[in-house]
Amino acid sequence: MKFNTIRTLAMTLAVSALSVTAVSADILDTIKERGKLIVGVKADYKPYGYLDTSGAIIGIEPDLATDVANRLGVDVEFVPVVSSNRMQFLEQGKIDLMIATMTDKPDRRKVVKIIDPNYYSSGTNVLSLKSLGLASWDDLKGKPVCGIQGAFYNKATSQTYGAEIVAFKGTAEAYSALKAGNCAAFVYDDSAIVAKTNDPEWADYEMPLPTIDDAPWGLAVPLGEDAFADLMSEMITEWHKSGRILELETKWGVANTPFAKAMNEKFQ
Amino acid sequence: MEFIFEWFRVLYDETGINLPFLYDSYDRNRMVNGFLTTIWLSVVCLFFSIIIGVIGAWLQGSAFTWTRRIVNGYIQVFRNTPPLVQLYFFYFAIGTILPKVENDWGGQSPILGSFAWAAISLSFFAGAFNVEIFRSGIEAVPKSTVEAAEALGFSKIQIYKDITLPLAFRVVLPALNNNLVNLVKTTTLAYAIAVPEMLYEANQIWSDNVNVTEMMLFMLLAYFFLVGILVGGMNRWERAMKIPGYG
Numbered sequence: 039m040k041f042n043t044i045r046t047l048a049m050t051l052a053v054s055a056l057s058v059t060a061v062s063a064d065i066l067d068t069i070k071e072r073g074k075l076i077v078g079v080k081a082d083y084k085p086y087g088y089l090d091t092s093g094a095i096i097g098i099e100p101d102l103a104t105d106v107a108n109r110l111g112v113d114v115e116f117v118p119v120v121s122s123n124r125m126q127f128l129e130q131g132k133i134d135l136m137i138a139t140m141t142d143k144p145d146r147r148k149v150v151k152i153i154d155p156n157y158y159s160s161g162t163n164v165l166s167l168k169s170l171g172l173a174s175w176d177d178l179k180g181k182p183v184c185g186i187q188g189a190f191y192n193k194a195t196s197q198t199y200g201a202e203i204v205a206f207k208g209t210a211e212a213y214s215a216l217k218a219g220n221c222a223a224f225v226y227d228d229s230a231i232v233a234k235t236n237d238p239e240w241a242d243y244e245m246p247l248p249t250i251d252d253a254p255w256g257l258a259v260p261l262g263e264d265a266f267a268d269l270m271s272e273m274i275t276e277w278h279k280s281g282r283i284l285e286l287e288t289k290w291g292v293a294n295t296p297f298a299k300a301m302n303e304k305f306q
Numbered sequence: 002m003e004f005i006f007e008w009f010r011v012l013y014d015e016t017g018i019n020l021p022f023l024y025d026s027y028d029r030n031r032m033v034n035g036f037l038t039t040i041w042l043s044v045v046c047l048f049f050s051i052i053i054g055v056i057g058a059w060l061q062g063s064a065f066t067w068t069r070r071i072v073n074g075y076i077q078v079f080r081n082t083p084p085l086v087q088l089y090f091f092y093f094a095i096g097t098i099l100p101k102v103e104n105d106w107g108g109q110s111p112i113l114g115s116f117a118w119a120a121i122s123l124s125f126f127a128g129a130f131n132v133e134i135f136r137s138g139i140e141a142v143p144k145s146t147v148e149a150a151e152a153l154g155f156s157k158i159q160i161y162k163d164i165t166l167p168l169a170f171r172v173v174l175p176a177l178n179n180n181l182v183n184l185v186k187t188t189t190l191a192y193a194i195a196v197p198e199m200l201y202e203a204n205q206i207w208s209d210n211v212n213v214t215e216m217m218l219f220m221l222l223a224y225f226f227l228v229g230i231l232v233g234g235m236n237r238w239e240r241a242m243k244i245p246g247y248g
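Those protein sequences? They're chains Z and H, same order as listed.
Under the numbering used here, the first residue of the first sequence is numbered 39, with each subsequent residue one higher.
Under the numbering used here, the first residue of the second sequence is numbered 2, with each subsequent residue one higher.
There's no promise every hint is true.
Listed below are the simulated DSSO-like cross-link pairs for lysine-lysine, each with C-alpha atoms no more than 30 Å apart in a straight line [what the hints assert, rightly or not]:
| id | chain 1 | residue 1 | chain 2 | residue 2 |
| --- | --- | --- | --- | --- |
| 1 | H | K243 | Z | K217 |
| 2 | Z | K207 | Z | K234 |
| 3 | Z | K148 | Z | K74 |
| 4 | Z | K304 | Z | K289 |
| 5 | Z | K179 | H | K101 |
| 6 | Z | K168 | H | K101 |
| 7 | Z | K279 | Z | K143 |
| 8 | Z | K234 | H | K243 |
| 9 | Z | K234 | Z | K299 |
| 10 | Z | K168 | Z | K299 |
| 11 | Z | K193 | H | K186 |
| 12 | H | K101 | Z | K207 |
| 13 | Z | K148 | Z | K132 |
| 14 | Z | K168 | Z | K132 |
| 15 | Z | K299 | Z | K70 |
| 16 | Z | K207 | H | K186 |
| 17 | H | K186 | H | K243 |
| 18 | H | K144 | H | K243 |
| 19 | Z | K143 | Z | K217 |
| 20 | Z | K148 | Z | K193 |
| 21 | Z | K132 | Z | K74 |
Derived from the structure by calculation, the hints contain no laboratory data.
This one's a predicted model, so the numbers in the text were calculated from it and none came from an experiment.
Pulled out of the complex, with its shape left as it was, chain H reads as follows (with noise of 0.2 Å):
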């Protein structure tokens, strides 16, 4: 392994192209660092989104009138706000008026730090999204389905849980697909709030060695093959989940 990362550091001596992440030990564990960041900050806003996602598209067909405001003012805040905006409104506006704890170094800090709020805001930001994609899916399901369903005496809730969303599933798998991996892309702007993901590594990087270029490119390719992998994921998944005869 040495080797590889030797001839890295060779390729610079020769040729100019400078990759520190792969030669230099420090720069290559805060690569390292920012990419399981990146991923681990994607994978929670992936799962949380949805399960706003799917719990909004339910409320949103409640009787009550006030759920369904509430669920609508929901959206249209995170829809028509950027998400830049609403992760600096979390991390410095709620975020210091939020309560504080006792932390290791005997001081007071906030209660959630940077990568909670963003892993929060961001999950919000696309749920909010989810919660209109799901919404389209439910109303794609027939209503004749739902009757018979009715008929047959399942209760609401199973309606929804074994009927209607497993149906609209398979509806809103595209438009679900496109709203993730925009939320995977999103995921780099917690480097507003000091998210150490991945843009913000390489930007640590390449203000020490002054080589923007090469990690330019580097964070191009890498966030390329990234989201190319849950795209992947994602058609499989819509592939397996198709049922003969339907959508």
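Bound-form chain Z, shown alone (with noise of 0.2 Å):
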């Protein structure tokens, strides 16, 4: 019953995009005539997309879209989203392309088109103090470790590794917890971890497990423009080749990722 209600909801949501663009003209043409391509980016996810003092959007993902702008000749504009509007931003045209750290997931491609290759992908890891020497996810076997209440990969982190979920309600308790000592180690999502490794305030503290659960992020156009779209993942593609993403990440103070490296490989 459940699962009917939402497929129908997601089939009507597909047929009314579709219906949508059908009508309108290619997006590329409308982009142009505008002069401005406009963007759905994320304000609120250091650093890949937040506000600087001044109130501008800046960060990795901004720069992605400002390389997208320079290639269509155009001007760029960043509409901050989130996630719970940033899809239905980009059904009712509102947006023309997101690049807004969503996961890639296969009932998400049924409402906007994912380009491939995947832009970005984050996972789980731990924030530790460095002295304590973590290197495998073994040795937080019988340790407390700071979560988040209701992240997915507690119970993957208590079950598999033994470790003992210490679960507060916010990241600010959680971090604050792990500063005060009472757990060895907080899980998060590297993505967040990253940026706080390079906070002078958490300088004792690193990354140290390699980083599991990782699910690739997708960048998204409006279902149906398929111009739009391989133009898209050509670029994607180019920004793996060059390394334009290494770059940017080096640039914004995050250390390379796996997934970038690998596809940095990948392309050459």
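Reconstruct the complex from the two isolated chains, following the hints.
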């Protein structure tokens, strides 16, 4: 019953998206006519998309969006999106392109056109004191590990690796419990942890383990925009090939991720 | 036993009523541990809050002004602030400034963990109410009774221990009962500082299985029965302590 409702809903959305694009002209023409590419990016996910002191949106993803605009020879405009509205903005035509830390999932592919290859990826890792010298996930066995209540990897961390999860409501509590020494490590998104390790306040901490549960991120265009999709696919391949992603990671203070390195090698 | 657990898995497959803490051994262990933690935390807090109440009420009758002032100050602080704020204060503020000890994994951790802080904080919180509850009982003991005991040569501590307190206890039981019931329910707040009690474990289970409705219903019933047992026990005690012709 529930599943059916969701499927019907997804179908309706897909069909309505198709019918909209069928009437409108090619989105590339619209962008060029307008002279402006409108991109949905995150504004609260440092360093992938966040606000600087003047209120402008900056970060890795805005830089990638600027690359696309330069390629098309138009200006770029950023629209801040959040996880719960990013796909809707794209469907409604509020944005032409969405680069917003979105995990690539099959059910999302039914609603928006996610471009292959994936441009980025993130997974689960831990933040812990350098002095602990953690080397493998099995080192967490029997140790208290801070987490966020409701995160899907809590169960895996305790069931597979034997860690005792100490889950808090928000990241602020978890970070301060880690700092106070209530837990040996904090299990969280690796992309957020990387940003934390660059913070001088957290200089004694590191991200020591290999990332697990790695899930690729996908940037998306509206369904049916095949010409734009082909162009984006070409651009992503070029970003990987030229090392643009690695370069941006370095620029924004993120250690080069295994995914970005692997993709760079793959396209050589 | 396995047969019964399997039946709940079938129930889920057939009807969609998902009770993983019955058929999944991992979730079952979590739930049992959560249940035991809740009971243990409740017992510890009940015990210490009553001790604090009895001693506090005794000190309130002290001849020294400063003793009375300190006890009153304690009551005001703990009665006028929310228990959740107290928990956060103890765990995140006091906990971090206390000396640290070497732990099993080679790091430094605070001397007291989340369970200890929850027990301390909730005992003091309920204890503040208990002091006032016991005071009401002590004041209900007729002055003439105390005077009679003094005339018989009882010392001050003997009067409190053997005359005032036993009589006061009978008067305060209904009010004490109320406060202790509240205390058992307040142990759910320990969830905020990651004490693995029942609500915390239930939250972990419903995040993994997305069966919020079932877990909420189960929580309601579990606490209903847990508090029911406490109330039943207190009522029995009340009846057993009854003195014919008094209160």
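Would the pair K234 (chain Z) and K243 (chain H) pass a check requiring their Cα atoms to be no farther apart than 30 Å? violated, 63 Å
Hinted pair, alpha-carbon criterion (30 Å max): K168 (chain Z), K101 (chain H). Please report holds or violated. OK: K168 (chain Z) and K101 (chain H) at ~18 Å, within 30 Å.
Given the hint that K101 (chain H) pairs with K207 (chain Z), does the C-alpha gap stay at or below 30 Å? holds, 24 Å
Do the alpha carbons of K168 (chain Z) and K132 (chain Z) lie within 30 Å of each other, as the hint requires? Violated, at about 45 Å.
K132 (chain Z) and K74 (chain Z) were given as a pair; does the straight-line alpha-carbon distance stay at or below 30 Å? At roughly 13 Å apart (the allowed maximum being 30 Å), K74 (chain Z) and K132 (chain Z) satisfy the hint.
Given the hint that K179 (chain Z) pairs with K101 (chain H), test it: the Cα-Cα distance must not exceed 30 Å. holds, 22 Å
Does the structure keep K207 (chain Z) and K186 (chain H) at a Cα separation of 30 Å or less? Cα-Cα ~20 Å, so holds.
Under the criterion that the straight-line Cα-Cα distance not exceed 30 Å, is the pair K186 (chain H), K243 (chain H) satisfied? holds, 27 Å
Keeping to a limit of 30 Å between CA atoms, is the pair of K168 (chain Z) and K299 (chain Z) held or broken? holds, 24 Å
Does the structure keep K207 (chain Z) and K234 (chain Z) at a Cα separation of 30 Å or less? It holds: about 19 Å lies between the C-alpha atoms, which stays within 30 Å.
Restraint status (C-alpha distance of K144 (chain H) to K243 (chain H) at most 30 Å): Given that 30 Å is the threshold and the Cα spacing comes to 21 Å, the pair holds.
With the threshold set at 30 Å, check whether the alpha-carbon distance from K143 (chain Z) to K217 (chain Z) stays at or below it. Distance of about 34 Å is beyond 30 Å: violated.
Going through the hint list in order, the structure does not satisfy hints 1, 8, 14, 15, 19.
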